[in-house]
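Asker: Okay, here's what each chain looks like letter by letter:
Number of protein chains: 2
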Amino acid sequence: MLFLVISGNIDIVVKDRNDLLQKELDLMLGSDIVLSDSEEKANEIFMELKTQELEYGFRNPQYYNYSKHFFEFNTEIVNSELFKLIQKMPKGALLHAHDTGLLKADYVLNLTYCDYLYVCFQENNVNFLFSEDRPTTFCGTQWELVKDKRYSSSGAEKFDNELKKYFTLVTDNPKEVYNNINVVWNKFQNYFINTAGLFSYKPVWEQYFYDTLKAARDDNIMYLEIRSVLPPLYDLKGNVFDSIATAESYKKILDKFKTDFPDFFGAKLIYAPSRLVNVEVVKNYVEIAKEIRRKMPHFLAGFDLVGQEDLGGPIKDFLAELIKSSDEINYFFHAGETNWYGTSSDENLADAIVLGARRIGHAFAIVKHPLLLEEVKKKNIALEVNVISNAVLKLVEDVRNHPLASLLAQNMPVVISSDDPGVWDAEILSHDFYVTFMGVASKHADLRLLKKLALNSLFYSEISNKDKALHEFDIRWTKFIDSIVKDKW
Amino acid sequence: MLFLVISGNIDIVVKDRNDLLQKELDLMLGSDIVLSDSEEKANEIFMELKTQELEYGFRNPQYYNYSKHFFEFNTEIVNSELFKLIQKMPKGALLHAHDTGLLKADYVLNLTYCDYLYVCFQENNVNFLFSEDRPTTFCGTQWELVKDKRYSSSGAEKFDNELKKYFTLVTDNPKEVYNNINVVWNKFQNYFINTAGLFSYKPVWEQYFYDTLKAARDDNIMYLEIRSVLPPLYDLKGNVFDSIATAESYKKILDKFKTDFPDFFGAKLIYAPSRLVNVEVVKNYVEIAKEIRRKMPHFLAGFDLVGQEDLGGPIKDFLAELIKSSDEINYFFHAGETNWYGTSSDENLADAIVLGARRIGHAFAIVKHPLLLEEVKKKNIALEVNVISNAVLKLVEDVRNHPLASLLAQNMPVVISSDDPGVWDAEILSHDFYVTFMGVASKHADLRLLKKLALNSLFYSEISNKDKALHEFDIRWTKFIDSIVKDKW
Numbered sequence: 001m002l003f004l005v006i007s008g009n010i011d012i013v014v015k016d017r018n019d020l021l022q023k024e025l026d027l028m029l030g031s032d033i034v035l036s037d038s039e040e041k042a043n044e045i046f047m048e049l050k051t052q053e054l055e056y057g058f059r060n061p062q063y064y065n066y067s068k069h070f071f072e073f074n075t076e077i078v079n080s081e082l083f084k085l086i087q088k089m090p091k092g093a094l095l096h097a098h099d100t101g102l103l104k105a106d107y108v109l110n111l112t113y114c115d116y117l118y119v120c121f122q123e124n125n126v127n128f129l130f131s132e133d134r135p136t137t138f139c140g141t142q143w144e145l146v147k148d149k150r151y152s153s154s155g156a157e158k159f160d161n162e163l164k165k166y167f168t169l170v171t172d173n174p175k176e177v178y179n180n181i182n183v184v185w186n187k188f189q190n191y192f193i194n195t196a197g198l199f200s201y202k203p204v205w206e207q208y209f210y211d212t213l214k215a216a217r218d219d220n221i222m223y224l225e226i227r228s229v230l231p232p233l234y235d236l237k238g239n240v241f242d243s244i245a246t247a248e249s250y251k252k253i254l255d256k257f258k259t260d261f262p263d264f265f266g267a268k269l270i271y272a273p274s275r276l277v278n279v280e281v282v283k284n285y286v287e288i289a290k291e292i293r294r295k296m297p298h299f300l301a302g303f304d305l306v307g308q309e310d311l312g313g314p315i316k317d318f319l320a321e322l323i324k325s326s327d328e329i330n331y332f333f334h335a336g337e338t339n340w341y342g343t344s345s346d347e348n349l350a351d352a353i354v355l356g357a358r359r360i361g362h363a364f365a366i367v368k369h370p371l372l373l374e375e376v377k378k379k380n381i382a383l384e385v386n387v388i389s390n391a392v393l394k395l396v397e398d399v400r401n402h403p404l405a406s407l408l409a410q411n412m413p414v415v416i417s418s419d420d421p422g423v424w425d426a427e428i429l430s431h432d433f434y435v436t437f438m439g440v441a442s443k444h445a446d447l448r449l450l451k452k453l454a455l456n457s458l459f460y461s462e463i464s465n466k467d468k469a470l471h472e473f474d475i476r477w478t479k480f481i482d483s484i485v486k487d488k489w
Numbered sequence: 001m002l003f004l005v006i007s008g009n010i011d012i013v014v015k016d017r018n019d020l021l022q023k024e025l026d027l028m029l030g031s032d033i034v035l036s037d038s039e040e041k042a043n044e045i046f047m048e049l050k051t052q053e054l055e056y057g058f059r060n061p062q063y064y065n066y067s068k069h070f071f072e073f074n075t076e077i078v079n080s081e082l083f084k085l086i087q088k089m090p091k092g093a094l095l096h097a098h099d100t101g102l103l104k105a106d107y108v109l110n111l112t113y114c115d116y117l118y119v120c121f122q123e124n125n126v127n128f129l130f131s132e133d134r135p136t137t138f139c140g141t142q143w144e145l146v147k148d149k150r151y152s153s154s155g156a157e158k159f160d161n162e163l164k165k166y167f168t169l170v171t172d173n174p175k176e177v178y179n180n181i182n183v184v185w186n187k188f189q190n191y192f193i194n195t196a197g198l199f200s201y202k203p204v205w206e207q208y209f210y211d212t213l214k215a216a217r218d219d220n221i222m223y224l225e226i227r228s229v230l231p232p233l234y235d236l237k238g239n240v241f242d243s244i245a246t247a248e249s250y251k252k253i254l255d256k257f258k259t260d261f262p263d264f265f266g267a268k269l270i271y272a273p274s275r276l277v278n279v280e281v282v283k284n285y286v287e288i289a290k291e292i293r294r295k296m297p298h299f300l301a302g303f304d305l306v307g308q309e310d311l312g313g314p315i316k317d318f319l320a321e322l323i324k325s326s327d328e329i330n331y332f333f334h335a336g337e338t339n340w341y342g343t344s345s346d347e348n349l350a351d352a353i354v355l356g357a358r359r360i361g362h363a364f365a366i367v368k369h370p371l372l373l374e375e376v377k378k379k380n381i382a383l384e385v386n387v388i389s390n391a392v393l394k395l396v397e398d399v400r401n402h403p404l405a406s407l408l409a410q411n412m413p414v415v416i417s418s419d420d421p422g423v424w425d426a427e428i429l430s431h432d433f434y435v436t437f438m439g440v441a442s443k444h445a446d447l448r449l450l451k452k453l454a455l456n457s458l459f460y461s462e463i464s465n466k467d468k469a470l471h472e473f474d475i476r477w478t479k480f481i482d483s484i485v486k487d488k489w
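Quick note, the sequences are listed as chains X and R, same order. Residue numbers for the first sequence follow UniProt numbering, beginning at 1 and rising by one. Residue numbers for the second sequence follow UniProt numbering, beginning at 1 and rising by one.
Watch out, some of these pointers could steer you wrong.
List of simulated lysine-lysine pairs, PhoX-like, C-alpha gap at most 20 Å [unchecked claim]: (1) R:Lys379 x X:Lys379; (2) R:Lys88 x X:Lys316; (3) R:Lys379 x X:Lys15; (4) R:Lys88 x R:Lys379; (5) R:Lys15 x X:Lys316.
Calculated directly from the structure, the hints in this document are not laboratory data.
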């Protein structure tokens, strides 16, 4: 009798334990997705690959890649069978991406082979300028044609290798080189400064955007929302254009790309200038955004401010100005891209929410804010999470500690994005999906999470023809599933 | 008119923003504490010191210490005025502490000056044994009197410095030396293996415990719950005693200490043997716990299992056995001391909860488990958080990413403890309080948090005379506050 009672207790406890854990899995992002029979088969393939790798890492943490720096495992990822599947997988939309940080260093290096490109090397920086004649503007040292410099130096290969260092954060010993957050942010911001003269030459600007759209399409992305500071572009004659013209340039290229690739669903612009300015400048920014909307009503998705949040320009300072236009302009603020707690950068999260942001960029700090999490859920504000960016830019070392894990568990409205993948030599979105799936999400998180993340990216986008896009996604997803199931069975 | 409407909107938005953030502060752990006038004055002192240091770090992250490895800022902490205040502050109870990891390397080194101590150096390890005659047990190389070895070697100082390395994890370049979690855990576990023969000599064992109680009292701790594997002790004659005798040894020393220091509120034992065993051994463990309780009913606080959770011995395997005694023995399981998600180590959290644990050790992974967090709150299970331990043992690098921040924000039942502070050269509890307050908690978290954490440690303890202890805490706290206010005003 006693035995039976005890045995009963044990059964109840085991059931309680399993129920608790199962209820959590049922709560997790993606748990509402019901898989078809084919998807179940595909899921088996995904989970077999995932489990194998994770269990090996669990037993041998020295070989578990995702606890290392991204630069130490980036080159290994491309050999992963699971990564190859994720590359082929339709991923919906790319929603948090900065225009001139999307393509890899090799691509940027290739741009320096263009004619009429002058370079000026300074102590730790480089300037570029396209010009018919040798530029006369002051540059610290002297302007030389890249072509001349490349072939007059100690070999084009050595020259190119040196030049490429300006186009990437990748280094052999990242933990030593980037020993605090400001070091890596300095190098990161120098990338944009160093490449400014190269990219803002109108023909290069347009080519870069065209190739970005192509890279997105190649990575199985249907639609893109691109953040841009909209720098003034220039031409060989020395003409300089304004921010509106830069936006128009984007629109023109987008139209051309859609003609060339009618299966691509398009792109929209988030005007995102620097936050390190005063309120008068922000007022002017908003006017520019409105002007773009007037001229290209279907092209502007909205407005944001960029720059290392800890260094200043808290949204709070611009609250009075920004609230005036919150009914007219959609906001997509960066907020809480910090590991400080209780600082102005952390509290940007509250400002983004009260300003009615449609989505919040990063929101890394939001797990420390239970009420803000509630608000975000209630108002259905998507959080644009960029795991690899946060790791490279030193918010978190081991991606298993990324707050996204907790957001996924709480079924928060999350989209996965890539921020500036080219600067760390990642694919335009696949690496971020892969690291999220393998390094951040639960071992039990499966194909349903991946599908949900892809669907979320369309759902929380400002895409004009959302229903059509979702329908097309469904078709492509089914094709993808069928192709991998067919390969296997 | 329009101006007035807009201005009204702005006021509402600013109010919404401030309300949101204030409501979160009102939710935070410690927010229910009402400060007296004197405490308000003391709080000003605390917050002035805290704010000054944090704002400097916010502007100059290269100088912000708590993002570095603990070994890189440990020696600087002791110069902090705030740290000195925290040392003097009554901190209540120490609830998560492993008996032979509490005192610093210098103390351990000093023990090797005892007579009759033999040493045997192996390749990377060392063995100690007290004996009247040269030990005859096999040790790989040869047994020598420490005294002989110390003075026959190339100088006592050099010998001591070499020996001390076995007694600490501290090293000059921790990030390079400990490049994955298993490396640091190996070194950590070797500390316990290397010192076993030294500590389990009965007179040393008893002296170590007496000095631990003294260190706790000196660090303004009133009461201690000590985890022990209860190793067999031995004497010079070669007698070996059982685990029950080890517990009795503790009880005897505790009684002596309380006679010497009647203001100390005592200690209880959590029997916590290794988890890397089979279920039969666990069954035997539980019998030992019951036997201790029979013999010393007021000395045993409860039962736990120890060892690196990722390596095995998940609670799940012992569920059936452990549930049988859950009405008789209090459980204080280590669970979720991992940055894996969805693994057996992560899921130990669910097992600890269904087994009715009074408190959970570490619970590092619990922020990824919204339902387990709810259960813990509903059942009022305290989480014993050890920030510095988690940083040194490589669960998290930057303490600002420690999940404790989120637990504090959610007003979870948290106690701060120190795990094995001696092994990383920290004070017995003050460093953990300091790092929690400065590096983990919100910039806005103030004296109320510190007081709450101290009160929680008594509230969630198994102390016999809780009301009396809380009353005495109140007296000591008031004295502390008065002393610092008097110093300042």
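Asker: The structure should be examined with respect to each hint, and the outcome stated for every one.
Answerer: Status of each hint after checking the structure:
Of the supplied pair hints, the one linking Lys379 (chain R) and Lys379 (chain X) is violated, its CA atoms being roughly 31 Å apart against a limit of 20 Å. For the hint linking Lys88 (chain R) to Lys316 (chain X), the alpha-carbon distance of about 39 Å lies beyond 20 Å, and the restraint is violated. A hinted pair counts as satisfied when its Cα atoms are at most 20 Å apart, and Lys379 (chain R) with Lys15 (chain X) qualifies at roughly 18 Å. The straight-line distance between the Cα atoms of Lys88 (chain R) and Lys379 (chain R) is roughly 33 Å, outside the 20 Å bound, and the hint therefore fails.
Distance hint between Lys15 (chain R) and Lys316 (chain X) is fulfilled; the C-alpha atoms sit about 12 Å from each other, no more than 20 Å.
Taken one by one, the earlier hints fail for this structure at numbers 1, 2, 4, listed in ascending order.
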